[in-house]
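2 protein chains.
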Amino acid sequence: MLEYTHRKYPSVLLERAVEELSKLPGVGRRTALRLALHLLRCDKAATERLASALVSLRLEVKYCRSCHNICDADLCEICSDRNRDGALLCVVENVREMMAVESTGQFRGLYHVLGGVISPLDGIGPGDIEVDSLVERVAAGGVTEVILALSATMEGDTTCFFIYRKLAPTGVGVSVIARGVAVGDELSYADELTLGRSIMQRIPFEIKEAL
Amino acid sequence: MLEYTHRKYPSVLLERAVEELSKLPGVGRRTALRLALHLLRCDKAATERLASALVSLRLEVKYCRSCHNICDADLCEICSDRNRDGALLCVVENVREMMAVESTGQFRGLYHVLGGVISPLDGIGPGDIEVDSLVERVAAGGVTEVILALSATMEGDTTCFFIYRKLAPTGVGVSVIARGVAVGDELSYADELTLGRSIMQRIPFEIKEAL
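Order-wise, the sequence lines are chains A and B. Every letter in the first sequence is one number past the one before it in the working numbering, and letter 159, counting from 1, is 159. Every letter in the second sequence is one number past the one before it in the working numbering, and letter 60, counting from 1, is 60.
Just chain A, same shape as in the assembly:
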């Protein structure tokens, strides 16, 4: 593969577009050039729609005052849904994880979006994520269980531990999502840690009526 980094672009406009596109995560200069040339082949309105969608999102985005999820109003659709169970709070790292949990259809409570996990290496400390507002929310009453649905990483585990300590004085029940062998995975390919946790956290066998 040829290296595009030190290559001279035939146009300053093209160079600037490539420069800006390549700042996006996972987009190198080669991909950026491909994207820029793609836009040149589409009609002008398409580029304008893309640009305006990005600027509108960035400038007009709102965050739910209760769960800190991205939303269009003061309170998000989930928080304002009276059919959902306000006694259950599911703590997630960000919007993507919230959407992932939501799409399982297994959770009918409310969420609390942290906006990150504690990660000293990335300079994210406990004060940079929405833990205080979580404690306030729980302290205000009405919540019986907080489910920690964070990634099974060092950062996720650290954050779980930190939140657990912060919530202890409120007396609320705190649980974490099960870690174990993924559905569809062959046991022989599971790593030892995961398999170990699966065994330690075994549950009584029962025949489920419907899943």
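Hints are computed from structural coordinates only; laboratory data are not their basis. Be a bit skeptical, because a hint or two may be false.
Pairs count within a copy or across copies, as identical chains cannot be separated in the list.
Straight-line alpha carbon distances no greater than 25 Å define the calculated DSS-like cross-link-like pairs of lysine-lysine that follow [stated by the list, open to error]:
1. 8 / 23
2. 44 / 23
3. 166 / 44
4. 166 / 8
5. 44 / 62
6. 62 / 8
7. 23 / 166
Fit chain B to the supplied structure of chain A, relying on the hints for placement.
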């Protein structure tokens, strides 16, 4: 991997941004969401710079009146460079290929950017690419050799053949770039067609002073 296609976005603004981003080639809804959330974490000016770079490129882009390369003026830098050999024309598919040839440092002539290759499946016919302007350029005189530097694909070969036929009446010399075993490739891994062409198009062995 979970499927994001039918997932409900918590915000219309976010949905619109994901929608527009996922129209880019190679960007699915999952990647689009990641890019949109990335922009939300960066400062507002970054998104505005990206958007304005894309719109400027699309609205203000110019094409060289001689070689049809993207440029900032009426005539591109290469075409207006008096040190380059106007008797040699290298025909390329688009700007990326031009940049690739240019970065080899092996070509000091001028280019002719077709803007595509003939591809009936994609609805690109001979009239959609800059062949007529190439013939005019050659007919105007001063060009002694046209080098066809197109991809070694069915579409590239078809286009080479079409251009060759179109240029025949002008009497200009037409050559194609060598096809063969790539530098650094092991012979046993080369496919039969490439190896066959390498043998058919063998050249006298000589010790090069410098490469």
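*Output the numbers, in ascending order, of every earlier hint that fails for this structure.*
3, 4 and 7
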